[in-house]
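For reference, the chains in residue letters:
2 protein chains.
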Amino acid sequence: MTQSSDKMYLEVLKEINYLIHADDLKSGDRLPSERELSDRLDVGRSSVREALRALELLELIETRPGGGTYIKAAGGRRLVEIIASFILKEDKAREDLGETRLIVEKEAIRLACQRASIEDLEAWKAVLNDYRKKVEKGETPVEEDYLFHSMLVKCSHNHLLHHIWIPLVEYSKAALEESLARSGRPILSLYEHERIYEAVLQRDAAKAVEELSAHLQNSAF
Amino acid sequence: MTQSSDKMYLEVLKEINYLIHADDLKSGDRLPSERELSDRLDVGRSSVREALRALELLELIETRPGGGTYIKAAGGRRLVEIIASFILKEDKAREDLGETRLIVEKEAIRLACQRASIEDLEAWKAVLNDYRKKVEKGETPVEEDYLFHSMLVKCSHNHLLHHIWIPLVEYSKAALEESLARSGRPILSLYEHERIYEAVLQRDAAKAVEELSAHLQNSAF
DNA sequence: TGTACGAAATTGGTCTGACCAATTTCAAAC
DNA sequence: GTTTGAAATTGGTCAGACCAATTTCGTACA
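As given, the protein sequences belong to chains A and B, one line each in that order.
The C-terminal position of the first sequence is numbered 281 in this note's numbering, with every residue numbered one higher than the one before it.
The C-terminal position of the second sequence is numbered 281 in this note's numbering, with every residue numbered one higher than the one before it.
Hints listed in this document are in silico derivations from the structure and should not be mistaken for laboratory results.
Treat the hints with caution; some may be incorrect.
Remember, identical chains collapse to one label, so a pair may be satisfied in a single copy or spanning two.
For lysine-lysine, the following DSS-like pairs were computed, each having C-alpha atoms within a straight-line distance of at most 30 Å [stated by the list, open to error]:
1. Lys67 x Lys86
2. Lys267 x Lys86
3. Lys67 x Lys132
4. Lys197 x Lys185
5. Lys166 x Lys267
6. Lys67 x Lys194
7. Lys214 x Lys166
8. Lys74 x Lys132
9. Lys86 x Lys194
10. Lys74 x Lys194
11. Lys67 x Lys197
12. Lys194 x Lys267
13. Lys267 x Lys67
Could you put the whole structure together from the sequences, leaning on the hints where they help?
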């Protein structure tokens with residue numbers, strides 16, 4: 061543990077990562093206790109905790125007092141909030157964000173046209189229906205809008221693309237809320253969502269991309 | 061400091077974030093010392109350190125022994141590596157990787173055709189020349205191949221896209237080495253690189269995408 | 001007055017130990 | 001076999017010690 065110039069917590073992270081790969085640990089599996097890691101790696105418990113806090117913030121692990129430390133399915137939402145507050149102080153970053161989101165969603169919808177299963181499309185339709193109900197009640201469908209786009213990217217069946225997309229859309233949340241708060245925008249957005257959905261249902265990639273691009277532009281993100 | 065159900069380190073993160081915004085701190089600015097934060101926030105120094113380690117891993121801050129803690133320009137490379145190492149344990153993930161890399165590079169090269177500056181193109185040409193020299197010496201141009209593609213994505217002038225691309229290509233490194241080790245592949249790859257570069261020089265997006273796609277396919281990643 | 005040097009102070013890095021709350025495990029009783 | 005309670009284990013927080021690295025400050029000298 062003294063062979064490297066890295067800080068202890070980084071060494072601990074490496075060992076944890078190695079352990080996960082060596083033991084083929086998956087989401088839900090339990091890591092050794094803090095004290096055991098401390099003994100095993102011959103470092104102080106504080107160093108172990110520092111490493112674990114870093115992983116916890118990334119939502120890669122979950123700690124339960126008295127229960128232990130568990131691997132978590134990769135999420136990243138809180139992480140995104142934190143990064144956003146540091147990053148989005150520059151105008152260039154905002155431009156790149158919008159552009160990158162468009163790139164990811166356009167490619168995702170192309171793949172969705174090939175790969176969306178019947179079940180996918182039914183789940184997506186349900187989300188669309190929830191959106192309509194919200195709009196009819198005069199409420200702002202922020203969460204439903206998120207879910208609509210999330211389904212879109214999930215229908216690509218490229219998990220990595222979805223992971224990349226999540227932080228992108230989180231950054232756009234504030235802009236989305238403003239957009240949907242504009243008079244008449246929710247019903248128009250619903251209309252656009254329906255056209256996007258129909259294009260994917262018809263497996264028409266060119267039309268889907270066209271409708272999606274128009275939608276994102278009209279949303280003024 | 062005892063008003064919330066959150067863990068201490070999360071409370072500390074919130075306060076640090078508040079401090080940064082309140083004092084309009086920028087990259088390079090110094091945060092209060094660990095001991096000062098500990099006093100100010102009425103928490104143990106360990107809790108402060110746990111919070112700082114989490115931010116450090118995100119490369120949002122930099123700590124210098126004896127010197128203090130500084131805000132860093134947002135990087136994110138290590139972050140992405142760590143997330144990827146957790147995500148990329150599944151076969152499906154590997155398929156998604158190749159596909160996602162193709163998506164990112166194709167979109168990047170489209171943007172490069174619009175945005176590459178004269179300086180960009182000169183730097184890229186220099187990389188291509190290094191590649192040629194390596195091949196003529198009979199050496200395997202692994203690093204030069206990486207740099208060629210990195211330049212390609214940088215010419216898009218979308219920093220975010222480049223950040224996303226880096227881990228994608230890191231995970232393709234092994235496959236790249238195998239590919240370039242095949243007899244005759246380096247010279248062929250050089251030829252393909254030149255055609256890609258020429259297309260971007262001509263600002264011909266369709267041709268650039270076509271040449272790039274063929275190249276990535278021939279590389280058999 | 002300006003510069004150089006050394007000591008003191010400050011800062012981050014690591015470890016240990018104490019103690020508490022939450023959970024899990026284990027043994028005994030029924 | 002089930003239930004209950006005690007003991008053990010686990011994470012959470014804090015304090016303190018001590019070391020290495022850096023910064024600051026005071027003094028001496030030109």
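Structure-based check of all given hints:
{"no.": "1", "hint": "Lys67 x Lys86", "result": "both (27 Å within a copy, 25 Å between copies)"}
{"no.": "2", "hint": "Lys267 x Lys86", "result": "neither (39 Å within a copy, 43 Å between copies)"}
{"no.": "3", "hint": "Lys67 x Lys132", "result": "both (25 Å within a copy, 18 Å between copies)"}
{"no.": "4", "hint": "Lys197 x Lys185", "result": "within (19 Å within a copy, 59 Å between copies)"}
{"no.": "5", "hint": "Lys166 x Lys267", "result": "both (11 Å within a copy, 20 Å between copies)"}
{"no.": "6", "hint": "Lys67 x Lys194", "result": "neither (51 Å within a copy, 35 Å between copies)"}
{"no.": "7", "hint": "Lys214 x Lys166", "result": "both (13 Å within a copy, 21 Å between copies)"}
{"no.": "8", "hint": "Lys74 x Lys132", "result": "both (17 Å within a copy, 23 Å between copies)"}
{"no.": "9", "hint": "Lys86 x Lys194", "result": "neither (37 Å within a copy, 41 Å between copies)"}
{"no.": "10", "hint": "Lys74 x Lys194", "result": "neither (47 Å within a copy, 33 Å between copies)"}
{"no.": "11", "hint": "Lys67 x Lys197", "result": "neither (55 Å within a copy, 38 Å between copies)"}
{"no.": "12", "hint": "Lys194 x Lys267", "result": "within (27 Å within a copy, 46 Å between copies)"}
{"no.": "13", "hint": "Lys267 x Lys67", "result": "neither (53 Å within a copy, 48 Å between copies)"}
Comparing the model with each earlier hint shows violations of hints 2, 6, 9, 10, 11, 13; every other hint is respected.
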